Amino acid sequence: MTPEKRYKKYLKDLITQVEIHLTDIDKIMKLPESNKRGQLIAKSCNNLDLVKDMARHFGLGLPFKKKVAP
13 MTPEKRYKKY LKDLITQVEI HLTDIDKIMK LPESNKRGQL IAKSCNNLDL VKDMARHFGL
73 GLPFKKKVAP
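Residue numbers (this note's numbering): 13 to 82.
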């Protein structure tokens, strides 16, 4: 796969997941405040973070490891 096709694939996947995340968060925020709602928010954010890491690593060739602020 050419680099351009790889970039497009992971960018498309990332955009799709951002759209899903935003839709999910909108629905979740309409739920009553509860531990369950917090868990759903965390799950959605973790999924988005995973897709972002995949795009960084497989699409751009950057390492998975994040730099920690001093």
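Hint data in this document are derived by calculation from the structure and do not stem from the laboratory.
This structure is a prediction, so every number in the text was calculated from the model and none was measured.
All residues carry an ideal CB built from backbone N, CA and C; glycine is no exception.
One or more of the hints may lead you astray.
Derived CB-CB ranges, DEER-like [said to hold, decoys possible]: (1) Thr14 - Leu43: 35 to 45 Å; (2) Asp65 - Lys17: 15 to 25 Å; (3) Pro44 - Leu72: 11 to 21 Å; (4) Thr14 - Arg49: 40 to 50 Å; (5) His69 - His33: 14 to 24 Å; (6) Lys77 - Lys17: 36 to 46 Å; (7) Met41 - Lys17: 16 to 26 Å; (8) Tyr19 - Pro44: 40 to 50 Å; (9) Gln51 - Glu16: 13 to 23 Å; (10) Lys77 - Asp38: 14 to 24 Å; (11) Glu31 - Leu72: 34 to 44 Å; (12) Asn59 - Pro15: 18 to 28 Å; (13) Glu16 - Met41: 17 to 27 Å.
Pairs of lysine-lysine, DSS-like flavour, derived with a Cα cap of 25 Å [said to hold, decoys possible]: (14) Lys55 - Lys39; (15) Lys17 - Lys55; (16) Lys20 - Lys39; (17) Lys55 - Lys24; (18) Lys17 - Lys39.
Review point. Using the C-beta atoms of lysine 77 and aspartate 38, is the stated range 14 to 24 Å upheld?
Key: With a Cβ separation near 32 Å, lysine 77 and aspartate 38 fall outside 14 to 24 Å, so the hint is violated.
Review point. Are the Cα atoms of lysine 55 and lysine 24 separated by 25 Å or less?
Key: holds (21 Å)
**Study point:** Verdict for histidine 69, histidine 33 (Cβ pair) under range 14 to 24 Å
**Key:** holds (19 Å)
Practice item. Indicate whether the distance between the beta carbons of lysine 77 and lysine 17 respects the range 36 to 46 Å. Key: violated (26 Å)
Exercise for review: Kindly confirm whether 11 to 21 Å is satisfied by the beta carbon distance between proline 44 and leucine 72.
Suggested key: At roughly 40 Å between Cβ atoms, leucine 72 and proline 44 fall outside 11 to 21 Å, so the hint is violated.
Review point. Does the hinted range 35 to 45 Å hold for threonine 14 and leucine 43 at CB?
Key: holds (44 Å)
Review point. For the pair glutamate 31 and leucine 72, does the Cβ-Cβ distance stay inside 34 to 44 Å?
Key: Given about 20 Å between the Cβ atoms, the range is violated.
Practice item. Using the Cβ atoms, figure out if glutamine 51 sits within 13 to 23 Å of glutamate 16. Key: violated (39 Å)
Review point. Is 40 to 50 Å a correct range for the gap between the Cβ atoms of threonine 14 and arginine 49?
Key: Holds - the Cβ-Cβ distance for threonine 14 and arginine 49, about 43 Å, lies within 40 to 50 Å.
Exercise for review: Indicate whether the distance between the beta carbons of asparagine 59 and proline 15 respects the range 18 to 28 Å.
Suggested key: holds (26 Å)
Review point. Would you say the C-beta atoms of tyrosine 19 and proline 44 sit inside 40 to 50 Å of each other?
Key: holds (41 Å)
**Study point:** Assessment of proposed distance window 15 to 25 Å (beta carbons of aspartate 65, lysine 17)
**Key:** holds (20 Å)
Taken one by one, the earlier hints fail for this structure at numbers 3, 6, 7, 9, 10, 11, 13, 15, 16 and 18, listed in ascending order.
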